[in-house]
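Undergrad: Chain by chain, the residues:
Number of protein chains: 2
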Amino acid sequence: MLDQVKSFFMSLQDQICEQLSTLDGTEFEQDQWIREEGGGGRSRVIKNGNVFEQAGVNFSHVFGANMPASATAHRPELQGRSFNACGVSLVIHPHNPYIPTTHMNVRFFIAEKEGAEPVWWFGGGYDLTPFYPFEQDIKHWHQTAKDVCDQYGEAVYPKYKKWCDEYFYLKHRDETRGVGGLFYDDLNELGFEQCFEFTQKIGHSFCEAYVPIVNRCKNLEFGDRQRQFQLYRRGRYVEFNLVFDRGTLFGLQTGGRTESILMSMPPLARWEYQYTPEAGSEEAKLYDVLQPIDWL
Amino acid sequence: MLDQVKSFFMSLQDQICEQLSTLDGTEFEQDQWIREEGGGGRSRVIKNGNVFEQAGVNFSHVFGANMPASATAHRPELQGRSFNACGVSLVIHPHNPYIPTTHMNVRFFIAEKEGAEPVWWFGGGYDLTPFYPFEQDIKHWHQTAKDVCDQYGEAVYPKYKKWCDEYFYLKHRDETRGVGGLFYDDLNELGFEQCFEFTQKIGHSFCEAYVPIVNRCKNLEFGDRQRQFQLYRRGRYVEFNLVFDRGTLFGLQTGGRTESILMSMPPLARWEYQYTPEAGSEEAKLYDVLQPIDWL
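Quick mapping for you: the protein sequence lines, in order, are chains A and B. Counted the way my numbering counts, the first sequence spans residues -12 to 283. Counted the way my numbering counts, the second sequence spans residues -12 to 283.
Check the hints yourself; a few may be wrong.
Identical copies carry no separate label here, and so any pair may be met within one copy or between two of them.
Unchecked claim - Restricting the straight-line Cα-Cα distance to at most 25 angstroms, the calculated cross-link-like pairs of lysine to aspartate or glutamate (DMTMM-like) are:
{"hint": "1", "residue 1": "133", "residue 2": "281"}
{"hint": "2", "residue 1": "34", "residue 2": "265"}
{"hint": "3", "residue 1": "149", "residue 2": "208"}
{"hint": "4", "residue 1": "34", "residue 2": "211"}
{"hint": "5", "residue 1": "158", "residue 2": "23"}
{"hint": "6", "residue 1": "149", "residue 2": "281"}
{"hint": "7", "residue 1": "158", "residue 2": "24"}
{"hint": "8", "residue 1": "272", "residue 2": "246"}
{"hint": "9", "residue 1": "158", "residue 2": "18"}
Hints in this document: simulated from the structure, not taken from any laboratory. Note that the structure is a prediction, hence the values are computed from the model and not measured.
Kindly produce the complete structure, drawing on both the sequences and the hints.
TA: Dropping the structure here:
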């Protein structure tokens, strides 16, 4: 199972990088790294591209003798098992504030113990974080996600859409991180073949969901006002990733490669005490959508 | 006890703000706030001052029926007690990269339960985070701290200096946050009068430790290179506060006032994948001191 999934994840990384690279007109730089305790990865990044201020697309496969705390917090029965974890994770911070920031992740886990059946599961999803939300883009984003999910039953999209809204939620701000998308975890109930197929389709649909939005927004003119708002909102992205994100905590706890894990951090971000957008402004519109909304 | 300590903390906030305000030539703006579940505070900030890009000096007093998890993690016997917590907390982000960032906190806790003795303790300290470390400033900083501690025995400074190095440590970077100072917690073994007196002296010595450094460095000329390095290193400050800092987690968990808690965030910060300073450069010198060092 592991080899099969791993090889898919590596080719997914290739395919996504190729599409993003064409879109930006810049090649990704690659670092291959090895984790002392087991495993390693390939981190790929565009820094200061034409469209992307930063785009990081990482593949990693790590393994160890003991499941880390962040992975057993909600599954205590797996404590003490050995684990293999692999996945692809990407975060894109565009220059143009009219293009949303985005994140995608697909992952596979196996937890093993002598004399017991291996426990495996898939997880993943993608979510969109606009600064200036355009309804048509958000609808396209959710429709693409729904089209994949619908192949597995009509309950799938609502379930994973809701999970996404709940997961990407900043409690101390009472805001969702953005306009959501899909989030799933612990997926094994369909059997390996179907769970794997679903994850492949999610992975492949990411560019379908995101690239048209980039193309539509990348030539919209912006000024310092939009830039300052983007930098301010990127502060929320930092807050979510460092305070709440399980993937980040998992990475840091397992002695993952810090530079790869924190590639999700924006190249520049700002905080401003007591900032609130002017009522009725373009910026205020964002705050209206930072809550669970049925977009379709 | 509580009234006495609270009234000292409020006057300490006044005194520190007065000194910083004179130094900067800018008045603090104040917000008074009330916490629904009990308590409130006064947050004071200079935004974009002459010397300080941001200086936040907060007083707060919060109480509730149940000790929050972050405060009982290392003292499980206090779970379920009601609590009162008050303190002064400040973080200063200067414009000039030659002036260090700094943080100071003094706090008092009482945990109570019917039919049992109240449990109280003081905590606090201050630490210095230079971008370009000057030995004379760091020595002055530690000497000021030591002079206070030495009045309580020669074991005090080494103990709290070490605690500071251990507390302000970024595990995923294998770096201390800066060049340290003092950190103490759970202080009650000297009896209330002496513990309170020690905390008063710590509070009063902060400006003595920091103001001369600001005065010495504030007119040093800097350019974009120093500014970029400052912004990059401020990223580490964000990482520490959001991933490790107990005070921040305590605040967010207790439904504290988010804008006051996150006043510690820098006004602007950047991240750069795989940045390392050139060997032998001024920037590389910082990395030599981000470890426990006996400065005196």
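Undergrad: For every hint, state whether the structure bears it out.
TA: Hint-by-hint comparison with the structure:
1. 133 to 281: For residue 133 and residue 281, only the intra-copy Cα distance (12 angstroms) is at most 25 angstroms; the inter-copy one is 60 angstroms.
2. 34 to 265: Classified as between; 19 angstroms across copies, 33 angstroms inside a copy.
3. 149 to 208: neither (34 angstroms within a copy, 53 angstroms between copies)
4. 34 to 211: Classified as both; 21 angstroms inside a copy, 19 angstroms across copies.
5. 158 to 23: Classified as between; 16 angstroms across copies, 36 angstroms inside a copy.
6. 149 to 281: The answer is within: 9 angstroms in one copy meets 25 angstroms, while 53 angstroms across copies does not.
7. 158 to 24: Result: close only across copies, 16 angstroms inter versus 34 angstroms intra.
8. 272 to 246: Classified as between; 21 angstroms across copies, 34 angstroms inside a copy.
9. 158 to 18: Cα proximity of residue 158 and residue 18: across copies only (22 angstroms, versus 35 angstroms in one copy).
Checked against the numbered hints above, the structure violates only hint 3.
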